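Quick mapping for you: the protein sequence lines, in order, are chains A and B.
Going by the numbering used here, the first sequence opens with residue 44, and the numbers climb by one from there.
Going by the numbering used here, the second sequence opens with residue 665, and the numbers climb by one from there.
Hints were generated in silico from the structure; no laboratory data involved.
Please read these numbers as outputs of a predicted model, since none were measured by experiment.
Check each hint, because a few of them may be wrong.
Claimed, not checked - Across the chosen pairs, the derived CB separations fall in these ranges:
#1 B:P796 - A:D45: 44 to 52 Å
#2 B:P781 - A:E257: 49 to 57 Å
#3 A:D219 - B:G726: 37 to 45 Å
#4 B:H778 - A:P190: 38 to 46 Å
#5 B:K724 - A:A215: 44 to 52 Å
Said to hold, decoys possible - Partial chain B-side listing against chain A, Cβ under 7 Å, derived:
#6 V672
#7 N678
#8 T705
#9 V731
#10 F740
#11 E741
#12 I752
#13 D755
#14 L794
#15 Q795
#16 M798
Quick reminder that beta carbons are idealized off the backbone N, C-alpha and C, glycines included.
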Amino acid sequence: MDAFAYSNSPWQIRPDLPEAFRYTWEKLANSGTWLTGEQRLAVANEVRNAGDCHLCRQRKASLSPFATDGDHDGDHGPLSNLQVDIAHRLTTDASRLTESWLANCVEQGVSREMYVEILSIVVATVAIDAFHRSLGFELEVLPAAVPGEPSRYRPAAAKEGPAWVPMIDIAAIDDDDADIYSGMQRSANVIAAMSLVPDAVRLLRAQSAAMYLEMSDIGNPASNGDRALSRPQIELIAGRVSAINDCFY
Amino acid sequence: MLRASSKVNGEEVNLGVVTAGKTTVSGVAGETQLLALVEATLRRESGDELANARNALAGKLGDAALVDAAAVIGNFERMTRIADGTGIPLDDMMAALTVDIRAELNLNSFSSAHNTPQVHPLKAALVRLLQPLMLRRIRKQFAKSEAA
């Protein structure tokens, strides 16, 4: 059966949503830039493990997220303990991460490039799972991994900047990656944040166009992208989700 | 964007609802139902509470609005983690435009706030002065695209 069929849904689901979700599943199953398909799907699986993880719950309740050591719940497949820890922290307690924590991860062997790829998998999975949870759907079964090797492509234009990871400025981008900022006059930080792995931005844009707005509509506060919600209704949801997540941005 | 979109749409919105949640009135149509769905989803409330939130939202704004709302929730579950996971600061213009509102809503107390440098008071004052002109320009652009 097709993934994201929504055949039993009491509500009509816009076709661009399952299209974007199927695209995401296909991308997760294939080898990426720094991880194999098997590793990428294992990261996606950790997002689900994190939801019921005892260690994550203890840490969330602690004054400092770095005060409690232990093992995360679940079967971690091909991932290292550090990769698992990164995936769990990004899923359950991202607002309390720090630059020094990431620097420590790099010292222990997860490069910034690999970190960005893990982040992109976590957020792609979190977004789809939240949609399903919100509408009362079962979580979609993860696809089977496709064999292959990571491309290990690192964009030369990515430079250290205001974030914890290098980013590509729109003025410096190479032709090969220019599509990641298409339709934009400035590279907004939240889009550029994952540009160290350009495919992560491509996946973000594909999901975002279906789940929020097309890039060309985002900068125009009068546009609701022909959704059933007005723009203020959309932004009310956005603001409240951000506040509950303690997200300043 | 809530402030900008409501102003462009000619609506007055109480932005305090973003941090206060269901206890505050925002002025956005269907706010009670929208906020209930957000909170039931993010706080992983029981199946019954989520179902009630869904039914209330669909009843008030329609089935398509419910689906759109769930999609936006998912989208910002993603965007918040990208921002927090990479330590990006607010973009310069956004930082200057939001000095007042961030103080008013106490957003500067969020731990990720320290990723954004303080805005020089002169710059913030200048942007505040220019803000009505910027909104007027956006309104004009919107009117033109509607007419076309």
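Going through the hints against the structure:
1. B:P796 - A:D45: 44 to 52 Å: holds (50 Å)
2. B:P781 - A:E257: 49 to 57 Å: Since P781 (chain B) and E257 (chain A) have Cβ atoms about 31 Å apart, the given range 49 to 57 Å is violated.
3. A:D219 - B:G726: 37 to 45 Å: Holds, since D219 (chain A) and G726 (chain B) (Cβ atoms, about 43 Å apart) stay within the stated range.
4. B:H778 - A:P190: 38 to 46 Å: Given about 43 Å between the Cβ atoms, the range holds.
5. B:K724 - A:A215: 44 to 52 Å: Check passed, 47 Å falls within 44 to 52 Å.
6. V672: holds (4 Å)
7. N678: Violated, because the Cβ-Cβ distance from N678 (chain B) to chain A comes to roughly 11 Å (cut-off 7 Å).
8. T705: holds (4 Å)
9. V731: holds (5 Å)
10. F740: holds (4 Å)
11. E741: For E741 (chain B), the interface hint holds, since the closest Cβ of chain A sits about 4 Å away, which is under 7 Å.
12. I752: Since chain A brings a Cβ to about 4 Å from I752 (chain B), closer than 7 Å, the hint holds.
13. D755: Status holds, d = 5 Å.
14. L794: violated (16 Å)
15. Q795: violated (12 Å)
16. M798: violated (10 Å)
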